Amino acid sequence: AQSVAQPEDQVNVAEGNPLTVKCTYSVSGNPYLFWYVQYPNRGLQFLLKYITGDNLVKGSYGFEAEFNKSQTSFHLKKPSALVSDSALYFCAVRPSSGGYNKLIFGAGTRLAVHP
Amino acid sequence: DAGVTQSPTHLIKTRGQQVTLRCSPKSGHDTVSWYQQALGQGPQFIFQYYEEEERQRGNFPDRFSGHQFPNYSSELNVNALLLGDSALYLCASSRGRANTEAFFGQGTRLTVV
Chain A
1 AQSVAQPEDQ VNVAEGNPLT VKCTYSVSGN PYLFWYVQYP NRGLQFLLKY
51 ITGDNLVKGS YGFEAEFNKS QTSFHLKKPS ALVSDSALYF CAVRPSSGGY
101 NKLIFGAGTR LAVHP
Chain B
1 DAGVTQSPTH LIKTRGQQVT LRCSPKSGHD TVSWYQQALG QGPQFIFQYY
51 EEEERQRGNF PDRFSGHQFP NYSSELNVNA LLLGDSALYL CASSRGRANT
101 EAFFGQGTRL TVV
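Chains as they are written, first to last, in the numbering used here: chain A, 1 to 115; chain B, 1 to 113.
Treat the hints as calculated values from the structure; they're not laboratory data. Please note that the accuracy of each hint is not assured.
As the list claims (entries may be wrong) - Restricting the straight-line Cα-Cα distance to at most 25 Å, the calculated cross-link-like pairs of lysine-lysine (DSS-like) are:
#1 A:Lys22 to A:Lys49
#2 B:Lys26 to A:Lys58
#3 A:Lys49 to A:Lys77
#4 A:Lys69 to A:Lys22
#5 A:Lys49 to B:Lys26
#6 A:Lys58 to A:Lys22
A quick note: this is a predicted structure, and the numbers were derived from the prediction, not measured.
Sequences are here, hints too, so could you generate the full structure?
Right, here's the structure in full:
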């Protein structure tokens, strides 16, 4: 079955420190991978995507993610966290087969950045 | 560019009733997908519309149905509402089959009492 796992319900980090939010996936073929962020009472905002090419992709607001095919992981990273980064983060995968762009989401990880 | 817009933002319905949620896609987008996000969970794919036809469907009962209009806007209908249908319903739009990201609306918060 196709699935996305975000093993941490919550990640706590001090402002200015690097952050990592973990994501692993189980999908056949070569999937397309995405990170979205959700602020309270809001929809999802796109952060970045991996389709092909360089395993390190850069996105919005200083975020980046590293694709590791052998570990089937796509961890979200930022070198220096801001309090305003505190939000709910979702990893999502789009299976490469099928031709349409259904997204499979993880359960989400709440990021708390403390001053 | 108004982005993806959904209406209404909040809705309270009684068990057994029917509800219609609406979505206007981002300008230039022709594909609309609907997701259900229960409290504390990630969004779950309901179905997707492209060229006015349902193209993919998630694991949701037939009580959930939809429609896409010629201007690409879409409706999600839920019949015989259950308490468990209470959730945030998200609409996402994208461009055809291209490997582009989906843009999400702010969602409709449905509460079934």
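Evaluated hints:
In summary, the hint linking lysine 22 of chain A to lysine 49 of chain A is supported, as the alpha carbons are separated by about 15 Å, within the 25 Å threshold. A C-alpha spacing of about 24 Å is found between lysine 26 of chain B and lysine 58 of chain A, which places the hinted pair at or below 25 Å, so the restraint holds. With a C-alpha separation of about 13 Å, the suggested pairing of lysine 49 of chain A with lysine 77 of chain A holds against the 25 Å cut-off. Between lysine 69 of chain A and lysine 22 of chain A the alpha-carbon distance is near 14 Å, which keeps this suggested pair within the 25 Å criterion.
Taking the CA atoms of lysine 49 of chain A and lysine 26 of chain B, the gap is near 19 Å; set against the 25 Å cutoff, the hint holds. Our distance criterion of 25 Å between C-alpha atoms is met by lysine 58 of chain A and lysine 22 of chain A, whose separation comes to about 16 Å.
Taken one by one, the earlier hints all hold for this structure without exception.
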